[in-house]
Amino acid sequence: MDVVKVSGKNTTHKVLIYAISTCAWCKMAKDFLKDNHIEYEYVDVDLCNDEDKAKISQDILKKGGRLSYPAIIIDDKILINGFRKDKITEALEI
Amino acid sequence: MITLEQVRRRAESDAKTYGYYLHPDPVFLNDLLEGLKRNEERYGYPFCPCRLATGKFELDRDIICPCDYRDPDVQEYGACYCALYVRKDLYEGKTPILPVPERRPMEKQIRAYGIASVEPSAEKPVEKIEVTPQESAAEIKLKLWYCKQCGYVVFREEPPYICPICKAKRELFAQIEIRVDAHG
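Residue numbers (the working numbering), protein chains in the order written: chain A, 74 to 167; chain B, 195 to 378.
Worth double-checking, as some hints may not be accurate.
To be verified - Short, incomplete list of chain A residues facing chain B, as computed with Cβ under 7 Å:
no.	residue
1	THR95
2	ALA97
3	TRP98
4	VAL118
5	ASN122
6	SER130
7	ARG139
8	LEU140
9	PHE156
10	LYS158
11	ASP159
The hints are simulated quantities; they were obtained by calculation from the structure and are not laboratory data.
This structure is a prediction, so every number in the text was calculated from the model and none was measured.
Idealized CB from N, CA, C, for every residue including glycine.
Using the sequences plus the hints, can you model the full thing?
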């Protein structure tokens with residue numbers, strides 16, 4: 074699985090985005106974190122192999138999320154489905 | 195190879211036909227159109243750029259743009275799932291364009307992604323879903339449906355949410371049963 078790390082000054086929280094490489098909302102979420110200097114990692118799920126796709130889907134469902142993207146996982150527990158700026162801002166305390 | 199301009203013209207034409215508008219932000223719109231182009235190039239059909247496809251036509255059929263969920267989503271939320279198509283009030287900025295919750299049924303997603311089972315976590319239990327790996331595109335049962343209001347006929351797993359011709363709701367669709375009697 075190709076996990077890409079984007080460095081940022083704010084490393085308070087561990088942020089992982091499951092994204093789709095063609096998704097405009099996912100791009101918006103990535104840009105939002107970058108603009109706010111949040112360090113994060115992302116995986117473009119559509120570019121993964123089938124085994125990894127299944128693993129990611131199970132991970133999202135186990136965390137109580139839906140299979141919609143972006144799926145943003147904060148500190149391994151909070152899962153935000155979709156680019157919900159209000160929820161992201163609240164979870165990241167920015 | 196399809197060009198970005200062809201993808202744009204196709205979306206514009208479809209929006210006009212159905213009385214919708216394309217996303218008003220040119221950068222966001224361009225990202226969506228690029229996504230559709232990329233999907234058409236890599237899979238052969240333009241499925242939703244914001245969803246995960248399998249590359250198997252039968253499993254992705256409902257998310258080929260314009261997806262099966264566009265019309266009910268635009269009706270309810272003012273925008274389709276990826277926000278390519280929006281209602282006039284959203285286009286004009288009178289209503290904000292927010293992410294639309296996924297309407298695609300969970301069982302279709304599970305079937306598409308080939309997940310055998312999901313063990314819910316103790317903290318956030320989710321409904322347990324099990325799909326046997328044997329379930330595949332070949333087992334999708336297609337049926338004939340007709341709109342009782344306008345007569346539109348469609349050969350799909352399920353009837354559309356909204357009739358693309360007369361806008362009748364799904365409830366107005368009935369299945370066409372074909373019976374063959376042999377005599378003699």
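Verification of the supplied hints:
no. : hint   : verdict
1   : THR95  : holds (3 Å)
2   : ALA97  : holds (4 Å)
3   : TRP98  : holds (6 Å)
4   : VAL118 : holds (6 Å)
5   : ASN122 : violated (12 Å)
6   : SER130 : holds (5 Å)
7   : ARG139 : holds (5 Å)
8   : LEU140 : holds (5 Å)
9   : PHE156 : holds (6 Å)
10  : LYS158 : violated (9 Å)
11  : ASP159 : violated (10 Å)
In this structure, the hints that do not hold are numbers 5, 10 and 11, in rising order.
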